[in-house]
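My numbering puts the first residue of the sequence shown at 1, with every later residue one more than the last.
Simulated from the structure, these hints should not be mistaken for laboratory data.
With a cut-off of at most 20 angstroms between alpha-carbon atoms, the simulated DMTMM-like pairs for lysine to aspartate or glutamate come out as follows:
| # | residue 1 | residue 2 |
| --- | --- | --- |
| 1 | K73 | E27 |
| 2 | K82 | E53 |
| 3 | K77 | D23 |
These numbers come from a predicted model, not from an experiment.
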Amino acid sequence: ELVGYNTDVYGLLTALSRTAGLDPLPETCVVLGAGGVARAIVYALGMQPGVREISVLNRTVERAEKLAVDMAKITGKSILAKPMDAEAQARSFESAGLVLNATSLGMHPKVDESPLLDQSAVHPDLVLYDTVFNPLETQLMGQFRERGAQAFGGLDMLVYQGARSFTIWTGLEPPADVMKQAVIGRFRT
Numbered sequence: 001e002l003v004g005y006n007t008d009v010y011g012l013l014t015a016l017s018r019t020a021g022l023d024p025l026p027e028t029c030v031v032l033g034a035g036g037v038a039r040a041i042v043y044a045l046g047m048q049p050g051v052r053e054i055s056v057l058n059r060t061v062e063r064a065e066k067l068a069v070d071m072a073k074i075t076g077k078s079i080l081a082k083p084m085d086a087e088a089q090a091r092s093f094e095s096a097g098l099v100l101n102a103t104s105l106g107m108h109p110k111v112d113e114s115p116l117l118d119q120s121a122v123h124p125d126l127v128l129y130d131t132v133f134n135p136l137e138t139q140l141m142g143q144f145r146e147r148g149a150q151a152f153g154g155l156d157m158l159v160y161q162g163a164r165s166f167t168i169w170t171g172l173e174p175p176a177d178v179m180k181q182a183v184i185g186r187f188r189t
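Given these sequences and hints, build the entire structure.
Written out as structure tokens, the structure reads:
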């Protein structure tokens, strides 16, 4: 018998709770991107009782629409597909409490890229979770912090999903803090 697991969901929810202190999650969330990591994120958010609405913004709106339809059926939540443009970001950010970057923009080696199209759309009550983990600090995180918002990088999601995989394979609980320091040490060399 084959059994499959998705540790992205566990990694994300654990990072949002332990690192970002989001427990419960905000009612309204925005996901930037519509690829594989976005699918796990929308599922994770949609399964949380306090989350009421999720907007998925993507360059190719059809991909966002497909993701929204698929996840709305599974989660029963309101999931909206929108284009990745400045106007849609501004409207979506206005009422949101959490933005999650599920694009590769800003990931090494293209560290000067960001999916944020209008920095003025960011407000201080907004929290960013950027799934990019290399570099540890992304341009997007800096843009959110400049506007007074909290911003967290994807390293903790990576570590928690790795720890979960280790537990699935071995039945043992690994020291996530040691794992995190090992990854940080690797990036610094």
